[in-house]
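Engineer: So you can see what is in the structure, the chains are spelled out below.
There are 2 protein chains.
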Amino acid sequence: MIIANISTSLDGYITGPDDGPGCGLGVGGERLHYWVFGGPWTYADEHSSSAMAGEDKAFYEGIVARVGAVVTGRGTYDVTGAWGGTNPWDIPCIVLTHHPDDQPDVSGFEFAGSFEEAVNRATELAGTRDVSLMGGAEVIRQGLAAGVVDEFGLSIAPIILGAGKRLFEGFDTDVDLTPVWVRQSPYATHVWHTVNHQDPPGPARTR
Amino acid sequence: MIIANISTSLDGYITGPDDGPGCGLGVGGERLHYWVFGGPWTYADEHSSSAMAGEDKAFYEGIVARVGAVVTGRGTYDVTGAWGGTNPWDIPCIVLTHHPDDQPDVSGFEFAGSFEEAVNRATELAGTRDVSLMGGAEVIRQGLAAGVVDEFGLSIAPIILGAGKRLFEGFDTDVDLTPVWVRQSPYATHVWHTVNHQDPPGPARTR
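Those protein sequences? They're chains D and Z, same order as listed.
Counting in the working numbering, the first sequence runs from 1 upward without gaps.
Counting in the working numbering, the second sequence runs from 1001 upward without gaps.
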């Protein structure tokens, strides 16, 4: 099973403006991940997901328990500095990139040159567990447009950013889903859906 | 107190494409209001909010119980055909319009020529109860940008529309909120927030 989940603002941004190395979620975008770090944090100061608590932690642990491999985009990989150079999870991370030959000589990351290759490899490595498309936005859009996403979660931070990168920028596919559960903390509302599969997903409807 | 609430898709659209008279929520946009009508409905067939049920009904009744006047935009007023010519609520409806002289000679609707005038009149008429900015998008954007909205709710339908009118189109203000509760049905996730007032709200953040 393939799941996709990402944090957004109420106005649909996955970063504030001027995201880049050292400012991975953009200016003001730290608030998108208050739920990850148990409250306010800054790019400059130490922060750790060990401070995650309550409904946020329950949400996160529910995902960790089921996922056997993650797919991420090269942009996310670069903007985080490859998470400091080390895969921070206990499971393989497939990096979707136009330049698979850039793959570094470290364990935990595998570069893939196409979306299909990335998902197939992640599925193989995940075994009986699920694959998570963890973003950036382009990876999630590709998964939804291709109709391969089975479950879709949004962690909606209680902010309106007014600028940044939109999750659904340029996305013109119509997708039907079913809400299955929701969790809410002071820092996010986590909404989970199953995708009602059409084969293939249709374009946006018009007269 | 001034509240704002509106239905959107997961990708932030308040209508599908080609909205207009007889197709108020656009093509495919009927799904935005499955929660209002207790399930699937069409523009062509009879539909009534008396079929609303469960969490959707509880959500709606919670709003009805507190609101003493609504503010709507002229676009919404026109696209619904002024709700058939009669105010469908038991409370006054103020219509924000560039052409207040167009006001029809029917009770239940009052036209106002500016956002401030509309909100002031609604507040006066609501008495001790709250005012609801019920949309369209432009009315809600004006309220949020002006910093007058105290509580903000989104009824998020489980669809990705891929086209239509975006709630936050052109909105470039940064607003902080606090989640206070959430309700979920098969047709929508209703997320409610209080607005953390800044005075005035700031522009989107940049370096």
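Worth double-checking, as some hints may not be accurate.
Here are some chain D residues the structure puts well away from chain Z; computed CB gaps all over 10 Å [unchecked claim]:
#1 VAL27
#2 GLU61
#3 HIS99
#4 ARG121
#5 PRO158
#6 ASP172
#7 ASP174
#8 THR178
Coverage of chain Z stretches by chain D, computed from C-beta distances (three or more under 8 Å per stretch; other residues unrestricted) [unchecked claim]:
#9 1024-1037
#10 1153-1165
I should point out that these hints are in silico values taken from the structure, not numbers from a laboratory.
Quick caveat, the model's predicted, so the values are computed rather than measured.
Just so it is clear, CB atoms sit at the ideal spot from N, CA and C, and this is done for glycine as well.
Engineer: Please settle this one: VAL27 (chain D) was flagged as non-interface, so is its CB more than 10 Å from every CB on chain Z?
Structural biologist: violated (5 Å)
Engineer: Holds or violated: is the Cβ of THR178 (chain D) farther than 10 Å from all Cβ atoms of chain Z?
Structural biologist: violated (6 Å)
Engineer: Once the closest CB in chain Z is found, is it more than 10 Å from GLU61 (chain D)?
Structural biologist: Given a closest Cβ separation of 20 Å, the condition holds.
Engineer: Going by Cβ atoms, does ASP172 (chain D) stay more than 10 Å from chain Z at every point?
Structural biologist: About 4 Å separates ASP172 (chain D) from the closest Cβ of chain Z, which leaves it inside 10 Å; violated.
Engineer: Say whether it holds or is violated: ARG121 (chain D) keeps its Cβ farther than 10 Å from all Cβ of chain Z.
Structural biologist: holds (26 Å)
Engineer: Against chain D, does the region 1024-1037 of chain Z show at least 3 residues with beta-carbon separation below 8 Å?
Structural biologist: holds (count 3)
Engineer: Beyond 10 Å from chain Z, beta-carbon-wise, is PRO158 (chain D)?
Structural biologist: violated (4 Å)
Engineer: Do three or more residues from the region 1153-1165 of chain Z put their C-beta atoms closer than 8 Å to C-beta atoms of chain D?
Structural biologist: holds (count 9)
Engineer: Report holds if the minimum CB distance from HIS99 (chain D) to chain Z is greater than 10 Å, and violated otherwise.
Structural biologist: At roughly 28 Å from the nearest Cβ of chain Z, HIS99 (chain D) sits farther out than 10 Å, so the non-interface label holds.
Engineer: Against chain Z, does ASP174 (chain D) keep a CB gap of more than 10 Å to every residue?
Structural biologist: The claim breaks: ASP174 (chain D) does not keep its Cβ more than 10 Å from every Cβ of chain Z (closest is about 5 Å).
In this structure, the hints that do not hold are numbers 1, 5, 6, 7, 8, in rising order.
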